[in-house]
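Student: Each chain, written out:
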Amino acid sequence: MAIIDDVRSIVAESLKIPVERLTPDTRLEELGVESLDVIEIVFALEEKFDIAIPLKADEATRLTTSGKSGSQDMPFATVGDVADIVQKLVAAKVSP
Amino acid sequence: MNRVVVTGIGVVSPIGNTCKKFWSGLVEARSGIGPISNIPTDRLSTRIAAQVLDFDPSQHFGPKRENLLDRFSQFAVVAARAAVKDAQLDITEEIALQAATIVGNGAGGQNTVDDSYLKFYGQNAPRVHPLSIPRWMLNAACSQISMDLGLKGPTYTIASACASGTHAIGLAFQSVRTGQAPVALAGGTEACLTVGTFKCWEALRVLSADTCRPFSRTRSGIVLGEGAAMFVLETRERAVARGAPIYAEILGFGMSADAHDITAIDPDGAARAIRAALSDAKVNPEDIDYVNAHGTGTTLNDKGETVALRKAFGASAERLAISSSKAVLGHSLGAAGALELAATALALRNQTIPPTANFEETDPDCDLDFVPNTARNAPIRNAMSSSFAFGGLNAVLVLGRAG
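Listed in order, the protein sequences are those of chains A and B.
By the numbering used here, the letter at position 62 of the first sequence is numbered 62, and the numbering carries on one by one without gaps.
By the numbering used here, the letter at position 403 of the second sequence is numbered 403, and the numbering carries on one by one without gaps.
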């Protein structure tokens, strides 16, 4: 399974929404995600892929504050951004 | 309705266990935050905390008693004894039967929990310490104070996370004001700097790796702390009659709930608690000179608290001197409100505003006078101490000068 599909299913499961609603371009903000949802999603991804995603609650809050997400200091804004980060961290893990 | 005064203060804190050391640390902005040394850190990403390092339980308890008390109860009893001594209070049988003992606490005996679970899950030990429950229970600290000092009146624990200490003192204030108790022993205690607790806080992603910088643009989160502060409250009439030293008068207490979010501050809820305290105290916003803020050092809290202060104080917010003691004391959760009320009472008595330590840069989102880094001698007529807890539970006290 591609990482993007795992990310989609984890986000869908966490937010209790159908996975079909999620494309790589879906913005987390549009889904009504709250900062604690982001922290739970990040935790589920860390567990699933055995990685550590550096994210602070303050960033999760900014991420979910309408109009501010996607700014340069933010690690991710869309489902696709999340998959990219996971991809990089998984790659970093296997490379020597 | 009785007037209620503070006649005794006892502290156990990361900057010292006497009021003198405590106050000088706050005024000199000498932070008690440092490298974690009391527990192993190999499985933690956190490296810093505000630990109580200068505390040897064997100096305060015989071996049999020490064995019965988790660290959070030890702190509470030592602070309570100091408060009673400070107040020069003679606990007669009459006082003992009526005095209230109300203690705020957030986490209970976490050192006991952590030790027990490490042995059971981690080391496959077949059994845990036989006194785990009496050490662990949240009411252990207030029960141990009651037993230690022989206080037999209304005695209970309040758990409202980071507002526990303030709620406990507020309820004690109401008991003395209404005449239910002539004297009250009240405050907060916390000692939960265990590996397990740190892991849980790390998972919430709110801890700072740097240090605690309340209201500074460069702030990066909470630094956990520990400690206790206890107060002797009594009617002003009684205190004056016995010639007791008076630190300050408690003028009012306000509470509210946000009914909004389990972690984020709601400026409306916080402002309602501030207004309720001012109204209870019959003090106008322009008559408060100093606010000891909740100021945790997270982006969200400090911004929301600034909004709340503006909402509640209106134009008077501009002339307030505001500081957070958490840069020096860390965030001791259920003890925080009590330690910060001690800071507030000492500020009134010394007519000196303790600064917000570790302050680097002004934040446009926190655009009030946060007294950065340097203490200020200024007349303080009335002061406020506020606590805004996880779960949206708010508690605010208003203090006036002893006079």
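There could be a bad hint or two in this list.
Restricting the straight-line Cα-Cα distance to at most 25 Å, the calculated cross-link-like pairs of lysine to any residue (SDA-like) are [stated by the list, open to error]:
hint, chain 1, residue 1, chain 2, residue 2
1, A, K56, B, I39
2, A, K56, B, T362
3, A, K56, B, K303
4, A, K16, B, I39
5, A, K56, B, F61
6, A, K56, B, V195
7, A, K56, B, D210
8, A, K48, B, K199
9, A, K48, B, C200
These aren't lab readings, by the way, just hints derived from the structure by calculation.
Student: Look at each hint and say if it fits the structure.
Tutor: Hints, verified against the model:
Among the hinted pairs, K56 (chain A) with I39 (chain B) is consistent with the structure: their alpha-carbon atoms are about 24 Å apart, no more than 25 Å. Note on K56 (chain A) and T362 (chain B): the hinted pairing holds, with a Cα-Cα distance of about 21 Å set against a maximum of 25 Å. Using a Cα cut-off of 25 Å, the hinted pair K56 (chain A) and K303 (chain B) holds, with the two alpha carbons roughly 16 Å apart. The hinted pair formed by K16 (chain A) and I39 (chain B) fails the criterion: a straight-line CA distance of about 39 Å is larger than 25 Å.
Under the criterion of a C-alpha separation no larger than 25 Å, the hint pairing K56 (chain A) with F61 (chain B) is inconsistent with the structure, at around 42 Å. The hinted pair formed by K56 (chain A) and V195 (chain B) meets the criterion: a straight-line CA distance of about 20 Å does not exceed 25 Å. Distance check on the hinted pair: K56 (chain A) and D210 (chain B) sit about 13 Å apart at the alpha-carbon level, within 25 Å; holds. For the suggested pair K48 (chain A) and K199 (chain B), the alpha carbons sit about 19 Å apart, so the restraint of at most 25 Å is met.
Only pairs whose Cα atoms come within 25 Å are accepted, and K48 (chain A) paired with C200 (chain B) is accepted, the gap being roughly 19 Å.
Consistency with the previously given hints fails for numbers 4, 5, ordered from lowest to highest.
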